[in-house]
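2 protein chains.
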Amino acid sequence: METLETISKRASLKPNFSEREVEKVKITKILEAARLAPSARNSQPWRFIVVSGKKKVENVVTKAFFGFNQAVKDAPVLIIVCANPKDDDIHEGREYYLFDVGLAVENMLLAATDLGLVTHPMTAVNEVELRKVLHIPEEVRFVVATPLAYPKGGSYEEAAQERLSQRTRKGLNEIVYSDVWGKP
Amino acid sequence: METLETISKRASLKPNFSEREVEKVKITKILEAARLAPSARNSQPWRFIVVSGKKKVENVVTKAFFGFNQAVKDAPVLIIVCANPKDDDIHEGREYYLFDVGLAVENMLLAATDLGLVTHPMTAVNEVELRKVLHIPEEVRFVVATPLAYPKGGSYEEAAQERLSQRTRKGLNEIVYSDVWGKP
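Residue numbers (this note's numbering), protein chains in the order written: chain A, 1 to 184; chain H, 1 to 184.
Calculated from the structure, these hints are not laboratory results.
Some clues are possibly wrong.
Claimed, not checked - One-sided excerpt, in silico: chain H residues whose CB lies under 10 Å from chain A:
(1) L4
(2) T6
(3) V25
(4) W46
(5) R47
(6) F48
(7) V60
(8) A71
(9) C82
(10) T123
(11) E129
(12) R131
(13) H135
Claimed, not checked - Beyond 12 Å from chain H on every Cβ pair, some chain A residues (computed):
(14) E2
(15) A124
(16) P137
(17) E158
For every residue, glycine included, the Cβ atom is placed at its ideal position computed from N, Cα and C.
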């Protein structure tokens with residue numbers, strides 16, 4: 001898909017997953033997209049744990065995800081994104097590892113959308129339990145998780161249609177200023 | 001451009017800017033791309049100050065940017081990205097405003113790349129001075145700034161060629177694990 005079209009069609013879809021396996025070559029393209037993101041001083045603080053197969057995904061989700069996120073336990077692939085804050089810049093209290101991981105994750109979400117896959121970034125997990133089940137070291141922080149799956153019954157575009165029609169975003173006039181803060 | 005191509009061609013280019021004006025319709029498309037990013041609980045903490053015109057850009061850069069970033073003072077447009085941390089989720093010390101702004105900024109960088117424009121995200125500014133010159137309220141944090149400009153003498157692809165050939169990124173084997181942390 002064209003870039004601007006993919007950006008406008010990316011949405012966090014409901015977990016209504018096909019059982020169809022996600023091809024390894026697609027997973028690699030998605031991780032490759034994340035890898036190419038910029039980062040402060042090129043520190044590349046992002047790390048990805050790719051959990052594959054229904055049983056393994058179900059185990060992680062059941063143990064570490066909060067109730068309302070349990071629905072992703074049926075995904076064929078779950079990507080857990082982590083980072084070590086010490087791998088990155090801190091400027092005046094702003095921890096750039098979180099910003100940099102955001103850059104990489106957006107690439108990941110767009111690549112997946114372009115490849116027809118459903119994503120849904122989730123932040124509400126039990127980090128202590130996640131650490132246990134995935135052997136994540138103490139100094140590494142969980143940032144976000146997303147399922148990767150084909151939508152059930154139809155294409156990504158069909159699956160996204162309803163969600164996109166209900167999208168709520170602030171208008172540009174609420175988030176953009178000219179020349180100085182507060183000036184429309 | 002196709003999405004995966006744009007992701008692979010986006011690069012932080014040297015400030016070698018054409019004097020050509022950046023069309024307003026392009027700036028709007030770029031901000032619109034940022035607007036459509038996801039965010040934790042749809043909080044949309046991002047705010048953008050679009051500084052336009054050589055004199056205004058030069059004023060901001062001269063007063064608030066560190067020495068090695070002074071080179072962007074010739075850009076026709078400078079976008080300053082800010083956020084109010086209180087507008088967003090904090091989970092166990094992770095301030096998601098930074099992550100969410102990262103998602104929006106990557107959309108912005110990709111849209112600009114797709115439209116043939118040079119970007120270069122910069123984090124090293126004097127926040128106190130920036131606050132003064134742009135009237136940014138005390139509770140709002142600066143996150144990142146980027147120039148927007150056409151490259152001097154040639155297309156974006158020509159301008160990016162050298163930089164892309166020198167790109168250094170960790171290999172996928174250094175940033176991706178299977179099923180649990182540390183497993184290749």
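We went through each hint and held it up to the structure:
1. L4: 6 Å, holds
2. T6: 4 Å, holds
3. V25: Check failed: Cβ of V25 (chain H) comes no nearer than 12 Å to chain A, outside 10 Å.
4. W46: 6 Å, holds
5. R47: Result: holds, 5 Å to nearest chain A Cβ.
6. F48: It holds, given that the least Cβ distance between F48 (chain H) and chain A is near 5 Å, below 10 Å.
7. V60: Where the cut-off is 10 Å and the nearest Cβ of chain A is about 9 Å from V60 (chain H), the hint holds.
8. A71: 17 Å, violated
9. C82: 8 Å, holds
10. T123: Since chain A brings a Cβ to about 5 Å from T123 (chain H), closer than 10 Å, the hint holds.
11. E129: 12 Å, violated
12. R131: Holds, because the Cβ-Cβ distance from R131 (chain H) to chain A comes to roughly 9 Å (cut-off 10 Å).
13. H135: 5 Å, holds
14. E2: 7 Å, violated
15. A124: 7 Å, violated
16. P137: Given a closest Cβ separation of 7 Å, the condition is violated.
17. E158: It holds; E158 (chain A) is separated from chain H by about 19 Å at its closest Cβ, greater than 12 Å.
When the structure is compared with the earlier hints, violations turn up for hints 3, 8, 11, 14, 15, 16 and for no others.
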